[in-house]
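Peer 1: Top line first, the protein sequences correspond to chains A and B. This note's numbering puts the first sequence at residues 1 to 351. This note's numbering puts the second sequence at residues 1 to 352.
It is possible that some hints are incorrect.
[Unchecked claim] Here are the simulated lysine-lysine pairs, DSSO-like style, with alpha carbons at most 27 Å apart:
(1) A:12 / B:193
(2) B:73 / B:193
(3) A:12 / B:192
(4) A:12 / B:190
(5) B:47 / B:82
(6) A:300 / B:73
(7) A:300 / B:345
(8) B:82 / B:193
Just so you know, the hints here were simulated from the structure itself, not pulled from any lab data. All values reported here derive from a predicted model rather than from experimental measurement.
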Amino acid sequence: MNLRTIVALVRKDFSLFFRNRFFAIMTPLGIIAYLIIYFVMPSSVNESLEIGLYAPVMPPAFEQIQDEGLEIELVESEEALREAVTEGQYMAGIALPADIMEKFLSGQKPHINVYFAADTSEEVEDVIEVLITELAYLQVGEPLAIEVSEEVLGPDMLGMQIPLRDRLRPLFAIFLLMVETIGLASLISEEVERRTIQALLVTPMTMAGLFTAKGITGVSLAFGQAALFMAIVGGMSDQPLIILVALLLGAALVTGVGFLMASLARDVMSVMIWGFVALIILLIPSFGVMFPGTITGWVKAIPSYYLVDTVHQAANFGAGWGDVWLNLMVLLGFVLVIVWAGVMVLRRRFR
Amino acid sequence: MSLRRVGILLVKEFFKGPKSFIIWAIVAPLVISLVVSLVFGTLFSEKPKLGIVDEGSSQLVTMSRELTSIVTKEYDTVSEIKQVVESGAVDMGIVLPEGFDGFVIQGEETEITAYIWGESLAKQRTILLVTIANLVRELAGQEAPVEIESITLGAEVSIPWNDRLLPLIVLVAVFFGGIFLPSTSVINEKAKKTLEALVVTPTTVGDVFLAKGLLGIILSLFMGMVILVLNQAFGAEPALLVLVLALAAIMAAEIGLILGALMRDITSLFTVWKLGGILLFAPAFIYLFPQIPEWIGRIFPTYYFIQPIVQISQRAGAWPDIATSVFILIALDLILVGVLIFTLKRTGQYKV
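Could you build all of it, start to finish, from the sequences and the hints given here?
Peer 2: Shown next, in the form of C-alpha cells:
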C-alpha cells in the first residue's frame, strides 16, 4: 500500500467534490437548513400547567396548590379570567364562588366554574377537574387513606429537562453521516459502472490502497459535517472528545455501510434504495432518544444505537469516559466487522 | 410531438424501466408515512403514562384504564415496572399490595410505592399523583364535595397530532415519487447516453420528457390517493381532492424534469434534495405547529397544494374555500412548464 498514491486519490476525490458547484454550495446549505430547524425549535421544556384562579374568598386548601407542575396565578375578576383563558394566557381558569367557604362549612356542594380554551385537550380538562375535586376533599377534611412514597429512578431532571431539539441532536448527526455515505456509495457505484475502478487498479494503486483512500474520503466528509453541526448546536460543550470519538467511529461505521451498499447496488439508483433502507434502520435508535421508553432492548442489535446513546449521554447528561467506554468499544467492534464485510464484498465485486 | 410515441415511451418506462425507480417511488412514501405516523402520531401524545403492578385484584386498575386523561399499562412484577419506569416507557409506576381495595374501603392507612421516571415532567408527576388520589377516593366511595361546570371559550378546536401530520405525509407521498421518478430517469438516460440514441429517431426530446413526466404524474397521483385513503381523508369531495392531487403531481413532475435536465448525476440531485426537500416540505411545518403564522406558508409553492387538501379533508371545505389556491397552483404549473422549456433550451443538451 503506497501512502503517496492514497493521498493522491484522496486529494483527487476531495478536489472533485469541491470543484462540483452543487456539492460545494449545497452541502453547507444543507447543514444551514438543519441548523435553522434546530434553532427554531423551543430551547426549553414547559413543565407546568398554567392555571388562572379567581378567588373572591381563598379556601386554605387552594392556597397550597403552588405545587411543582402547577403554575397558579391569581386573577382579579371572573371576566378577566375568561379573557385571559380565551387569549391563551392560561390553559384553564378556575372561578371560585364567593360563598365557597359557607357551602363547605354547611356541608353543601359549592358550584365551581372552570373555563378552558377551545384548543385545550380533553385529557387536560379531565385533569383540572380531578385536581379541583382533590383540593375540595382536602378542604372538607376528608383525608386520603393511602400514603404514597415516591422513589425517583434515574437522574432527576425536574427543572432541567432536555428540550426536544437537544434530543434530536443524535438524529441529525446520523442523518448527516448517512447522507454523505449515500454520496460515497453512489460515487463508488458510478466508478464501478463506468469501469474507472478497473482502470485505476491497473495502475500501481492496490485494492487495499483504493479502499483506504475511499474510506478516508468517506469518513472525512461525513465526520466533518457531523462534527461541525454538533459544535454549532452546543453538543460539544460538555464532553467534546467523547463526541468527536463517537462521531469518528460513526463516520467509519457508515462508510462501511456505504461499501456494503455499493457492493449490493447495481446502479446509482439502487444505491439510493439501499441507502434509504440503511438510513431508516440506523435512525431507529435515535427515535428511542426522542421518545424514551418507546423502543425496547432489541434496538441494541442496531450498531447506531451505540453512537446515538453515547452522543445523547455525553451531550445531554455530561456522561464521561467511564459511562460510555462500553458503548464505544461495542461501536468499534461493529465498525471493524461492517468495514471488513464491506471491503470483502466490494473487493469480490471489483474482481 | 406524437401522442402514440409518448404512449409507447410511457409503457416502456412502466414495464421496461428499472424496477428500482418504481419501488423507490412507491415504497419510500409508504415507509415514511408509516414511520412518521407511528413516531409522531402516537408518541407526541402528552398524556401521562401510569404503570401498575397489582399484587391482588384491585378495582383501581380497571378504573384507571377507563380514564381518558392518562394512559394505563399493567405489569406483572416490581422489577419489571422499575425497568419500564427507568426506560421512560411510563412516567410513574405504582405497586398495589394484596388486599389494597379492602384497606381503602375500610379506611385503613396503607402505603403504596410510586416509582417516578427521572425525566418525567413536573406536570405529569402532579397529574398522576392527583389522579391516583382521586381514584382511591372513588374506590373508598367518597362523594365529591364540589360540583364542577366546565365551560369552553372561543371557537378554535384542538387539532390532534394525526391530523397535523397529514399535510407532511401527503407532501412526501406526492412529491417524493413525483420529483425523483422523472429526474432520476432523465439523469440515468443522460449517464447511459441512451437519450442521444433516442432523439436521432423520429422521437423528440419533448416526447421523451412528456413520457417521463406522465410516469411521475401517474405514480405520484396514485400515491397521493393511497395515502389519503390510508389516512381516512378521502371521504369528502373526492373529485376536488383528485383535481388538487393531479395539479400537485404535475408540479412535482415538472420540478423533477427540470432537476433532471439540470443535474449531471444522481449525487448532485441528492445534494440539491438535501436543501430543496426542506423548502418543499416547509408548509407542512406550518400545519404541524399552528403557532407559526400561516402567511409564512404562502411563501412556498407547495402551500397551494396543501391548503386545499387540509381544507377539504379536515375542515369540510368546498370549492369556494380552495378556489384561490387551485388557481395559484394552476398558474405555478404553467410557470414551471415555461421554466422547463427554457431550461431545456438554455442547457442546450438536446435539440427541442
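Peer 1: Each hint: holds or not?
Peer 2: Outcome of the hint check:
1. A:12 / B:193: holds, 25 Å
2. B:73 / B:193: violated, 60 Å
3. A:12 / B:192: Within the cut-off at roughly 24 Å; holds.
4. A:12 / B:190: Distance of about 24 Å is within 27 Å: holds.
5. B:47 / B:82: holds, 20 Å
6. A:300 / B:73: Measuring from Cα to Cα gives roughly 24 Å; hence the hint holds.
7. A:300 / B:345: Since the Cα atoms of residue 300 (chain A) and residue 345 (chain B) sit roughly 53 Å apart, the hinted pair is violated (cutoff 27 Å).
8. B:82 / B:193: violated, 63 Å
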